[in-house]
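Chains as they are written, first to last, in the numbering used here: chain A, 53 to 481; chain B, 16 to 385; chain C, 16 to 385; chain D, 1021 to 1357; chain E, 60 to 443.
Please keep in mind that the hints were generated in silico from the structure rather than gathered at the bench. Values in this document were obtained by computation on a predicted structure and should not be read as measured data. Wrong hints could be hidden among the right ones.
What the hints assert, rightly or not - Derived DSS-like pairs: lysine-lysine, alpha-carbon spacing no greater than 27 Å straight-line: (1) D:K1269 with B:K127; (2) B:K116 with B:K168; (3) D:K1048 with C:K89.
To be verified - Examples of chain D residues lying across from chain A (beta carbon under 10 Å, computed): (4) E1188; (5) G1191; (6) W1214; (7) F1315; (8) F1325.
Idealized CB from N, CA, C, for every residue including glycine.
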Amino acid sequence: ELKFKPGEDSKFHWANYDDLKKVDLKGETLTIFGPWRGEDETLVRSVLDYFQEATGAEVKYSSSENYEQQIVIDTQAGSPPNIAVLPQPGLIQDLASKGVLTPLGDDVAAWIKENYAAGDSWAKLGTYTGKDGKQGFYAFPYKIDVKGLVWYSPDNFEEAGYKVPKTQEELADLEKKIIADGGKPWCIGLGSGGATGWPATDWVEDIMLRTQPPEVYDKWTKNEIPFTDPAVVNALDIFGKIATDDKMVDGGAKAVAATDFRDSPKGLFTVPPKCYMHHQASFIPSFFPENVKLGQDADFFPYPPYASKPELGTPLEVAGTLVMITKDSKASREFIKFLQMPLAHELWMAQKSFVTPFKAANKDAYGSDALKKQGEILVGATTVRFDGSDLMPGKVGAGSFWTGMIDLVGGKSAQDVAADIQKSWDAIK
Amino acid sequence: MADVTLNQVKKSYGNLNILHGIDLDIKSGEFIVFVGPSGCGKSTLLRSIAGLEEITSGELKIGGELVNDVPPSKRGIAMVFQSYALYPHMTVYDNMAFSMKIGKESKAEIDKRVRQAAEILQLTKYLDRLPKAMSGGQRQRVAIGRAIVRNPKVFLFDEPLSNLDAALRVATRIEIAKLKESMPNTTMIYVTHDQVEAMTLADRIVVLKEGVVEQVGTPMELYKRPGNLFVAQFIGSPAMNILPAKIDKAGNPTVVSHVGGRKATVPIATPASANGAAVSFGVRPEDLAIATGTDFLFEGKVDYIEQLGEVQLVYVDIGRADLPLVAKLPGNVEVKRGETLRLNAGAGDLHIFDADGHSFTLHREEAKAA
Amino acid sequence: MADVTLNQVKKSYGNLNILHGIDLDIKSGEFIVFVGPSGCGKSTLLRSIAGLEEITSGELKIGGELVNDVPPSKRGIAMVFQSYALYPHMTVYDNMAFSMKIGKESKAEIDKRVRQAAEILQLTKYLDRLPKAMSGGQRQRVAIGRAIVRNPKVFLFDEPLSNLDAALRVATRIEIAKLKESMPNTTMIYVTHDQVEAMTLADRIVVLKEGVVEQVGTPMELYKRPGNLFVAQFIGSPAMNILPAKIDKAGNPTVVSHVGGRKATVPIATPASANGAAVSFGVRPEDLAIATGTDFLFEGKVDYIEQLGEVQLVYVDIGRADLPLVAKLPGNVEVKRGETLRLNAGAGDLHIFDADGHSFTLHREEAKAA
Amino acid sequence: MAAQIFSAIFVIIIGVGGCVAYFWGANKLLDLVFPSRGVSGSAAVDNLRRQGLVRPWLFVGPAMIILTIYLIYPVIETLRLSFLDRGGEHFVGLANYQWALGDHDFRNSIFNNILWLAVVPAACTFLGLIIAVLTDKIWWGTIAKSLIFLPLAISFVGASVIWKFIYEYRGEGQVQIGLLNAIIQYFGGQPQVWISLPFWNNFFLMIILIWIQTGFAMVILSSALRGIPEETLEAAVIDGANPFQIFWKIMVPQIWGTIAVVWTTITILVLKVFDIVLTMTNGQWNSQVLANLMFDWMFRGGGDFGRGATIAIIIMIAVIPIMVWNIRQANKETGGH
Amino acid sequence: MAASTGKSFVNRFGVHIAVLIFVVIWTIPTLGILVSSLRDKDQIIASGWWNSFSSSSQTEAGRLPPASAQTQKDGKYVIEGNVFGDGAKRAISAFGTKAAAPTQYKAGTAADLGDGVSLQVNGDGSFVLASPKAFEGDRGQRVYYASSAPPKFTTDNYDAVLFSEGIGRSFMNSLTVTIPSTIIPILIAAFAAYALAWMRFPGRALLIAVIIGLLVVPLQMSLIPLLKLYNGVGTFFGVPSKTYLGIWLAHTGFGLPFAIYLLRSYIAGLPREIMESARIDGASDFEIFVKIVLPLSFPVLASFAIFQFLWVWNDLLVAMVFLGTAPDQIVLTAKLNALLGSRGGNWEILTTSAFITIIVPLIVFFSLQRYFVRGLLAGSVKGG
Ligand SMILES: Nc1ncnc2c1ncn2[C@@H]1O[C@H](COP(=O)(O)OP(=O)(O)OP(=O)(O)O)[C@@H](O)[C@H]1O
Ligand SMILES: Nc1ncnc2c1ncn2[C@@H]1O[C@H](COP(=O)(O)OP(=O)(O)OP(=O)(O)O)[C@@H](O)[C@H]1O
Ligand SMILES: [Mg+2]
Ligand SMILES: [Mg+2]
């Protein structure tokens, strides 16, 4: 049953739905394989329902805890789904170079450039080198997570008289003040089972974007400048200083790597609070305690830029999922077209945990103020860059970079960590 | 000193009483054999003495000391199991040395005693073998050797020969007898249900039945003057012929008429009250001989013959097909199936038992004693 | 017809020869017993006849038909194993019915034959039991029953009684003897190393040694005229006394002087060439008696006595302590240890064997035959 | 729901029935082609012999076919891949093997694997044996056994959750939700981040596998223990051996064969198991093992089949000594038949 | 077991104590998740599970209703209500309005919040917030209070898992996968094991060697070659490549080496005379196997059945690769896995599903356990 009755709420572009109805896909099956499980799965299904209902195609969505492994197996073994949705550009590059992805075409790339915010950042993100060695547009960005957000409790800030910092310098002052008041500025948790370490990579990337021009960032993610470049080492060092300072983090430096990232934000809401700030992407409210109301009990601000580097503007790191055709069919093509409709975005925006750079999507459709604010941050950013570690090859971005972060918070010097990571990158060249 | 004294020893498993109060006085250096039908509690009694089973009540003394609560290894006993119970993973040498190694004896001492025992049992050249590479008789000797080295005060055997073949059984039996001689101060308690073993080895035999001692005595006593029907039939092979009979005239001698239809005069005193009583009349197969004169005890057709070479077992139907009379006759006597045979026995070889199975001989003796 | 003929049957495991060319002619309906020391190949021979082992060379015929390559089930045989080999998960009934069910016989026929066999073996009331709920003797009867229902032409037994206790062994032995009578046309081949079984059951005994047939004959033949030393010592219990001796005068009778220092005149013909030859002089313990006159064969000190009740075994040291002479005397003869005893035997009960162990009796017979 | 149950049962019956039908049918067919009953003697004999030639293959046939498809073919494929590059397209010779030898992670994994192999099979077997011995003596032994067996019924993912609540670390002085740290803190000690303690973290991971596999060892050893003749134990009691001596000198040697089987099985399992490492640390903090490393190279970030396959081949080679020993053992056993 | 007649306490109870220690150590982790699965989602990581049995005193935060709830009373603006709302009530001992001093005031006393504003929170949670001026804003006043909460357990987690959509179906699917995947390898392995133990044919020793060798093949590396094969076969015959038959065979293949290894060593140990006896009775190898070997091998079949059942039942990887995720094929492990959020960390779901999945294997274990008892061969051969 459709979540929002077509035609009923004017914040949706229902005209799209009528267009969609003209597409006849009866008897076709569209298999979609994506990373969304649990609550997210319910959400994505609620969107897919419209496609199914309107076109008559049978949509089969599935996911798995080991989806990265699964998609490799499935494509390699020649039984891919029609549509694959993946959050890792590195992995997508890999699939593209093995020739298992179908190019979406230049017109779609052009469409993205035109309709998504932040210039050609998104179109670039969807462009990969194919098996033939040629660049092509393979992946359609859909559902974005805004990274580089700092979460806090407005009550606690208010009570202690803290102000939301607008610059890194203010942030540094705030940290000092909190410490002086006997509190801990940060809750940091890097634990994530097999993926332990990744939250720190985000933080380092945030620092990179705020200390270096985007071109350096791009070079870094392509290893055109090495990890041991002073720019990178500096970023590692800044993060390292925070994470290894017992005064800065709840539980002390030792707890950083051991605490699960899903558990660490809970420190914001204990009485008395264990910490005052938490750096994490837009999805994190799912892991707040149940009675915490977003906007009332919890709020966020963007990880601020340096006042000393105004030329860098307000950079933003994002992550998100990209939609690819792994098995071409009429339905696959139609599905990509569906994603180009504002409705496909609005339906999810109106619910939870979905922001989009699609300018034509109705901002009023956002289900909550927090989402809307994130959407505004996304559209308003001057520079948008995708999660760097996801751009790197899997062995680095989902391997040695993570491990390196663990070493870093374990007390290893930034220089050594950088050298190690660089070595592993060299090993796979 | 190693006399073993049992005083009202009882043993039960839960509600099941196995031993019903055993009284026994075994003197130091004696060779005692427990016999009895399967399941009568022989092993249980032996195991209780060894300390492998806790006794339920009563007193058990070894060398005068109460050992009810003393663990097996401290009782000064050694035991040879029916199934050898060799340690399959150890060589013969190690099997024998095990208890001394456990006891932390010196290497030299161990070696000395093991070799000594091996010498006695002619095992010296097998010392390096594993049990599985030995024949049954050799294994049994190892089991005995293992017990010898412990230099026990009391030596317990649980049917040590029952797994051996006939020839080995004879040989090993003789070895045990010799062993006993070489250890005159060691008390030996031996369980078997083989009569030949019991008869040849025992100083005294204890006949058990359902957890009760039926009779204790020297082999000859039991053979010649069985106290009751059970012992009479249990001791001797083939078993004593037992025939229903009636006392025609009580007194001394007693005249009985048995189911075969003939009368016999038995030089055993019976009380007058026994006149006309139903009794059991017994005669051992080996006491029967072909009657030469007109005086005979039994007459009947030969039903079946088992020729054993030197002797033959002749089954004679004396009127009751279900109760064939067995006679052990010399192998060279020509007997044919179907032939009618007359058999006789010496008057002194006849036995009578009252309705409860008690021997009248015993009656008389009891009367004397009283 | 079910005669079994073996013609130069050989069996080897790899390089190891177990049977060295066995020739045997077993007539239909005969009861043949294989005896021999452990490991001599009795079981192997029996299993070869059964078809459980493939023979390496030679011919094996059953009922005149060459069966070298015929699988066991088609040879018309049934076998009772030393270890029963019952199917533990089947009731007695099913154990017995198994082969007929496999053969797809009708239900009624199966039931009839199983009940018939059960009747013979007195197993009727145990038909619903599982093997584990039966005593050893009963189990052995089930194993026999299982063979009976197959109505075999040849019945094979591999030491069927060796796991039973003495009493059961006697009882079951008699049952087997009766069984044979009730199946007169069935050939029976029986392996044992118990002599009593061999003597009582066999029509003919085959004595095996290390895969070679030593002698074949009726029990009495083997007992009275053993063909060689091995058979002489193997048959009879206790074994025949064998003493080193020298032929003083060959001819008929022969005069020998044995290690005990005495001379004996033996009514056996020896060739002149044997004059002065070293021979073995044999006499069975049961043929010895206390010499009454001055004429005696042996003189020595009584070393040891085993009193068995009716008889006693007396070990006499006639000069060679390692070779005690055993005499089986009546139990009532008073003999004391240490006493000097003179023993004699009938001249017809004496045996002499040449240096190779062959009996001179046989020499004579061979000479006659030639 | 009823329809689902029905269809499930139907599918199950088809599957199992098909398998039964094969064996029954093939045998029936054999009997039809070479009849042995109801034909004349010599023909029956010939047919029986022919049956004897064919039947073993009917019996092992399905196993051989399935093993070939599901294991042998993949092994060959893996061997081939190990000489190819990451995409599995170009021949690279021994480059992958060379890489492995020089790789830090690989060497670390080898070292850790040796640790695992030294500790886990031994610990599981030893504990399983002790528990089997002890539980045999008491009336509530079955219950105890079931509880020890329980972890075996839990999936690896479940197990890692369970152990999270044992090893979880919270900063000093805070409420600990990991049992181990709670205990340590209760006694005034300093809480530790167990899974990142260098070197020792290996052992904390091993404990999980030991916790799971001891039940396996226990079940198998316990049935072997029951086969020990009781008299040998009683003989040892009389010989004066104490319970420990009886255990070590009498019981253990007698079930050595079974111990070897259990040991081998767990050794092989240790070489293959990666779930625990994957979910607890993913090989970080120097806790990498070969199986997880292989998984990593196979599937992470698009996968490098060449290197993944190389590690798989190395794992298999590592087990060759154990295999050889076992095959010898097996041949010894069958020698008698 | 050897009787020891020692009487000391250690001898008497030593074994019981030792076993108890093992059992406790082995059970504690599992007990931990059982307790956790019955706890509130947020509580699971807020305090150790062992604390959940005692009533805890905890400091919590609540928010009073916003300005819109105010009424005017005695010239004052008043907001009244209960901090617990409609939820379960607890006893409050102290309260405060600052996170830094959450228990500044005793319950039942009035706190002066400045500007004439006063707040009184009573022990039962009822409160009165009074101010001379009207309240503003739609974020209500924050209060902190210390309350003692009795031990609280909930079956919500089980509700969430057990009644989630499609779970019954996936339970069925799991059984559909598991039962044949357990029985088929047993059948195939038992036949093969019998042949390898008791039948004579060329290449037998080699075959045994190969099978033992295959024990070590890591499962993960066979996935891709196999799936390729499946797809090839599927395309060739025009059938779907992800079928139950496919996964049965896959599990069979992966389980076979161990099955044959285990069964063969057991079957080879059966008494030879029984087989020979049956052969003389005219039974063919097939009949010997079916009527003699199979019934006698029950203990080892049961052992293997348990291990294989556990492995298949708990498997996720093979199921995800060889079976689809549509409702008619998704297995329980996969279904439960899908209940976890995209980023994992739902401990309450994990703990609960760990417990739910354990139940079926345990039933299997207990029902097969009695076959482990010895004595199946009793009475068959001497000494038995
Ligand atoms: N642990 C036990 N629990 C219950 N009953 C037992 C136990 N052990 C033995 N019994 C019973 O005690 C009785 C005596 O057994 P025991 O072994 O002493 O007999 P036995 O005379 O040695 O017989 P056999 O000659 O067959 O060895 C038997 O009826 C037996 O069933
Ligand atoms: N499979 C085999 N491989 C090699 N040698 C064997 C095999 N089976 C038996 N033997 C050997 O063959 C010889 C004869 O064995 P067999 O079982 O026939 O002896 P037996 O006369 O029956 O002895 P027993 O009276 O002890 O049963 C023995 O030495 C034995 O070790
Ligand atoms: Mg006994
Ligand atoms: Mg034999």
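What hint numbers does the structure not satisfy? Nothing - there is no hint that the structure violates, so all of them hold.
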